[in-house]
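Starting from the known structure of chain A, arrange chain B on it as the hints suggest.
Number of protein chains: 2
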Amino acid sequence: MPWFRNFIHLSTAITRKQPPRKSPAIIAPPPPSLTLILQHFSTDARYNHNNPGLGPTKGDEKPRVVVLGTGWAGCRLMKDIDNKQYDVVCVSPRNHMVFTPLLASTCVGTLEFRSVAEPIGRIQPAISREPGSYFFLANCTGVDFKNHEIHCQTVTEGVDSLDPWNFKVSYDKLVIASGAQASTFGIKGALEHATFLREVHHAQEIRRKLLLNLMLSDVPGITDEEKRRLLHCVVVGGGPTGVEFSGELSDFIRKDVHQRYAHVKDYIHVTLVEANEILSSFDDRLRKYAIRQLTKIDLIFDTLVSQSGVHFVRGIVKDVKHDKIILSDDTHIPYGVLVWSTGVGPSPFVNALEVPKAPGGRIGIDEWLRIPAVQDVFAIGDCSGFLESTGKPVLPALAQVAERQGKYLAKLLNNLGKAGGGHADAAADIDFGNPFVYKHLGSMATIGRYKALVDLRQSKEGKGLSMAGFASWFIWRSAYLTRVISWRNRFYVAINWLTTFVFGRDISRI
Amino acid sequence: MPWFRNFIHLSTAITRKQPPRKSPAIIAPPPPSLTLILQHFSTDARYNHNNPGLGPTKGDEKPRVVVLGTGWAGCRLMKDIDNKQYDVVCVSPRNHMVFTPLLASTCVGTLEFRSVAEPIGRIQPAISREPGSYFFLANCTGVDFKNHEIHCQTVTEGVDSLDPWNFKVSYDKLVIASGAQASTFGIKGALEHATFLREVHHAQEIRRKLLLNLMLSDVPGITDEEKRRLLHCVVVGGGPTGVEFSGELSDFIRKDVHQRYAHVKDYIHVTLVEANEILSSFDDRLRKYAIRQLTKIDLIFDTLVSQSGVHFVRGIVKDVKHDKIILSDDTHIPYGVLVWSTGVGPSPFVNALEVPKAPGGRIGIDEWLRIPAVQDVFAIGDCSGFLESTGKPVLPALAQVAERQGKYLAKLLNNLGKAGGGHADAAADIDFGNPFVYKHLGSMATIGRYKALVDLRQSKEGKGLSMAGFASWFIWRSAYLTRVISWRNRFYVAINWLTTFVFGRDISRI
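Going down the list, the protein sequences come from chains A and B.
Mapping to full-length UniProt numbering: the first sequence position 80 is 80, numbers consecutive.
Mapping to full-length UniProt numbering: the second sequence position 425 is 425, numbers consecutive.
Bound conformation, chain A alone (with noise of 0.2 Å):
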């Protein structure tokens, strides 16, 4: 534990000002000189090119998993798999996992990024420390079932001297659990100029891009048209990560933007632009609710004191320019910030993965979340869903499913470790245990002012509690920081809701 070593450091500083100079294990040495700093880089070999990677395991040697993804699905999995009895390689482009649901949250400043950011060594340390166990910052470009390995590419952007290299590593047990990627439905433009919400590194250029135009808007030779246009918020999708993020806008137009940015207050619009109904999934009563809270504007003795309320216009994106958004009516909304949900896709990685899919394109799994066709291969979360010949509809990609299906598949494995069928082929024989049954619990979605909604139905059609409202906003908060992965996190992000309640979002553009 960090904080125990600190102690014992602490301690040792208090009570031993000065090292007793007697004791020569604690004395310093000399600095070394140059030529023993230097000594290291000797050779001028840059990369060892002849097939780098980890070879298969051997019988004797711990089985080894390899995970491709850090989201829900393959967290899970690697929080509960059991490291006495595997090796855990994990392979994914970011070295944490992203609590998604409090994304946007971080958009505005309610939440800090680091406090929705969890690193994969804090989830499951093996891989920090165990010889055999390893987190590669790098991208699957690919796997050869036949041979049990993947071949992958490391991610090097930004460092101006080193260049991508390949490698190959041998799986005993394959996990994939990748993700979607977002979907813009092939819209023009899309991909180019709108925001996406998913990783912590989007929640940052949303926060950079607001904070811009309010300050741009505040400088003189701007015309008033423009100002409107840099201070308009379009979010494209009205899934609950689009509703949120409208929710925590509004919340922080009204509270902090009419205090720290008092003389464009009045230009600053928030738009919601959705083809459907808002929050499909939920109750009704719900969603009326939601779009009476959301469109609601502060009055005061009848004089308008906050142009807060989101706009809620149904219509269909066809182009997307650098300014603006153009509907399939024509009708022209010209945008400062533009935020797209419209939810997700299969990825390129799983379009060029050569099994059989499931509908929507993604990988096809069997009710043990197995890719059927081949051996050692499990999928799981957003990237993968049943076959048609389970008879069973492909889950929806929310958290939940995903990180139910990376609980599973962790007992699974560590059950068939047990049984001794960890290592390569060796499962063949071994009782895979009961299939894997996806129970709902029920959805979430805050709106701002303090509400949320809470829906506890197990379908759309089914019974059970639904609310909304404070008690459901407090549920929400609640249940979320309970689900927080880490003590420091869960910790950081009460801190955040506490500051941000005393002191308002902080808005220094950093």
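Calculated directly from the structure, the hints in this document are not laboratory data.
A hint or two may mislead.
It does not matter which identical chain is meant; a pair holds if it fits inside one copy or across any two.
Stated by the list, open to error - No farther apart than 27 Å at their CA atoms in a straight line, the calculated lysine-lysine pairs in the DSSO-like style are these: (1) Lys-146 - Lys-168; (2) Lys-418 - Lys-288; (3) Lys-188 - Lys-84; (4) Lys-321 - Lys-460; (5) Lys-265 - Lys-168.
Owing to the predicted nature of the structure, the values given are computational and were not obtained by experimental measurement.
Okay, now just chain B, sitting in the frame of chain A:
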């Protein structure tokens, strides 16, 4: 106060679950139609190019103080200026002040970036609210002393749809506090390949690069040689910034890298390159103590447990390549992260100003911090220095000098305003009071391992208290904690220190 407004909002949210339908003042109106939304965007003009800006103030208006820069000098001035007497207009390319003494701690995650950034609106709230006070995100491109106006250009980086534009601001009093810039002494390649440590984005860049290199070093296919290079952190410049950063780095290595990057922990090293003595402004005894502490290697029962000591190299850098620095004696030192902190020099803006200069190319000022040749213009902080004719030495480029000058000048301007000399050309016959006198309060530097140096002598030859060790470290932390400007950041700095102690540093690369 935001917390009070939030409290009111929250109480309302608790007591009023559903808005009472009968009061027309708080019922939500129907969402406005698309036409209503779009009516804002009716003309096509982009900017008002007809000489935009703020014209001269009239006699019955508040006089306008224009402040260039948001460093220690400008921010202290804005904090203390009486906004009942003056309108304040601040022009700067960043909207926050950086608490520079704690910036080194953010590179390795001991503190978070936002904890050391203070938005201007929190330092001088009038800027966000008062009708005549503004913050402009812009660079000053020139000063027209004769016409009492400055020429500016907006900062619009990253927004694809907005080109920078020019505008003018008339001033009654102008305070130039634009600071200095990092100096590379013309060494080839330093500007391209090294990272400075003056802004939050520098610290972000160092942190991202360090974490990337730690992860890449663990990927198969990299040679030992290259791994050692990637994980070699070289700091050029042995002043307080360079030493504090080295100390933070070796704390990070000893406590976090050993825990979180156990596979590569033996490859990481820190080297500090300095042409003369490190910490030359400090007492000799303290300097020796610092060197002893920084080079210390942890041994337990004669076994090396940590290679965290800093190597010192005495040398002059003559060339910087993308992967190594070359010293004047032709030694090549490969690096993965290069941080440059060899001091500061005048910025191009200061070089271009046609006013008499002080030694070192700074803007020449008299004892009242005025530029003598022109009316109503002052210069404070690192950009200014006493003219030789004053008989006073140029003060060092330190936060405490800048802050003291800002404080002095705010008082001077407040007095001028009270005496009716606030407007342009109105102060000629007014007494400016006592000249500015600087009294050095001493220096502090932390060196890692819960140790710091505190040197309270007024000059290098003077007498006074100087101490080093844990007590000094405690003084160092307490002193800076009380100097942090806002309560919000004071709270966050304390919380960051606490969580670093308990949980270790955060290693998500976001």
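Practice problem: Provide an ascending list of the numbers of those earlier hints which the structure does not satisfy. | Solution: 2, 3, 4
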